[in-house]
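Place chain B on chain A using the hints.
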Amino acid sequence: MKAPTIIVCIKAVPDPEGPRSAYEIHSDIKKVVPVGIPPVINPFDENALELAIQLKERWGGKVIALNMSEKAVIPILKKALSVGADELILVEDPSFQNLTSHATAQVLSAAIKKTEPFDLIVTGRQAADWDSGQVGLLIAGILNIPGINLVQRAELQDDKVIVEKLKRSGHEVVTAPLPALITVSSEMGALRLATLKAIQDAKRKPVTVWRAADLALDPAFLRTKAIRALTLPPSHSRTCLFIEGKSAVEKAENLALRLRKDRVI
Amino acid sequence: MTDRIVVVAEQEEGRIAPITLELLKTGAELSQHGGDAVCACIIGYGVGHLADELAYYVGEVYVIDDPLLSGFQADLYSSALEALCCTLAPRTVLMGHTYDSLELAPKLACKMGNDLVTDCVKIEREKGTGFLLCTKPIYGGNAVSVLELATAPQMVTVRPKVAEALEKGRTKGEIIPFCCELVSSMALTESLGLVPGEETVSLTQANAIVAGGRGVKTIEGIQQLQGLVEVLKRYFVKVELGASRPLVDEGLLSRSRQIGQTGEKVNPQLYIAVAISGAAQHMAGAGGSKKIVTINKDAGAAIFGASDYGIVGQYEDVVPAFIKKLATLS
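First to last, the sequence lines map onto chains A and B.
Just so you know, we're using the working numbering here: the first sequence kicks off at 15 and counts up by one.
Just so you know, we're using the working numbering here: the second sequence kicks off at -18 and counts up by one.
Bound conformation, chain A alone:
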């Protein structure tokens, strides 16, 4: 197996661990405005990055992190460089606002064509903002390469990728010739922490910015999402009866008695 070039698509999203109150819903402008929570690299993209770096450790080669946005959140995205990616490409243009999954995949595919020849593209299974779970497979379709969804483990061998792809119960072992694209699920494992030295080294790694005009893009591809409405989620709110007691034991006993009284059990 020759040293591979691996492209990882990453996106910045508001921290999905944030409380509900951190997501302000502006129905009038059909936008969700995060308040008081920092942007992070989409967690599934971090899983993808971890995989790419592990493969690079095994086979050598190069990891390129690729981001598309209307305005790049550079400090967040640079984390990719400090955990082991070799370069960061930012595809950034105001016209990339609110694109459909298909349009996003068109832009990313155009950017990928502009980079050097690659062996593997890795993306997260879905982004924590719109949760669409389409862009990775659409890129594979546009580039006409094999695309495998929901990967929990992957290895390269003899110009092929061999993966474990999640099924509802268990998994399937699947192989495809390179170049190929895989989407990664959280079962892959969390992204490593950056070492101090790696953070220092990252400062010397290249960051490239491309605009829409730098890419071979048909403007007709830049479709935007037709959002009719954006609202608060239906309330899961219930009235909680707090079970009291002098001790944990007494509370537990009172809970059992109460559930019996209310015929829950």
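For the record, the hints were derived by calculation from the structure and aren't laboratory data.
We treat Cβ as the ideally placed atom computed from N, Cα and C, and that holds for glycine.
Possibly wrong hints are sitting among the right ones.
[What the hints assert, rightly or not] Residues from chain B that face chain A, not an exhaustive set, calculated with beta carbons under 7 Å:
hint, residue
1, 37
2, 167
3, 170
4, 172
Structure of chain B alone, referenced to chain A:
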């Protein structure tokens, strides 16, 4: 000519999957307002008996039966569906938001060059325009969007358990074999074999679920929850142990026990959430439970607001006493 709504059927252990009957119900409700004909499509090899079964639910069942389709392979399945869509020109295509269709749907959308909306919890047909209005939770369930699909075929995946199953009809619809040119080279990936899950868990069938979250950090903690599962079997026919995603990612419980946005959607009589904070992503799977009991040491945890009963306390202290009491109630 009547417009069609095509429901892409799925099989599970050799039978029609529950999601398919839910999609047929969704399709039936859509057709009431739009006047479309709902039909089903079953793809596989030797699936004639499944087509027979489906025919009791719809007027037309399209069967794509080919040795190449004996196992699910998304490139081949999407090629078959593409051929069907090009022939029937349906207005709408409904798929399940299931493991297989998470791969099938985007591949079909790419071939058709159309937009797809995934993980819908409600779909409606707009009067006049005929557009499909797709309600989809976003930001992990912290907001809800309504997206418009205009161009046919309007493709969506629908979240399991948001619709009831369609009831079986008395009359049998027409079974229509559909032939399309499939060659093995259309499959860009090759399967080397299926590895079954370590355990069979049926969270969706459970009457009661004990679910552990991030705060349950140890094997001992899991064992306590298992003790609670056992004692609840005095009260419920089927009790299962579940988990929120952090416990599964930590490797403490298997993925088949995961409840939430990327796990199972459940609706038991009783859901006991132990040391779960109650993020929107988890409630997307647990919110349909009839009664929710929460045990959490953090009085400010969001999940109390989504619970019917709550105890503020260390689960390590509460759960053993709860088990003891449940074992003695007559």
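Status of each hint after checking the structure:
no.: 1; hint: 37; result: violated (25 Å)
no.: 2; hint: 167; result: violated (11 Å)
no.: 3; hint: 170; result: holds (4 Å)
no.: 4; hint: 172; result: holds (6 Å)
The structure is inconsistent with the numbered hints 1 and 2, although it conforms to all the rest.
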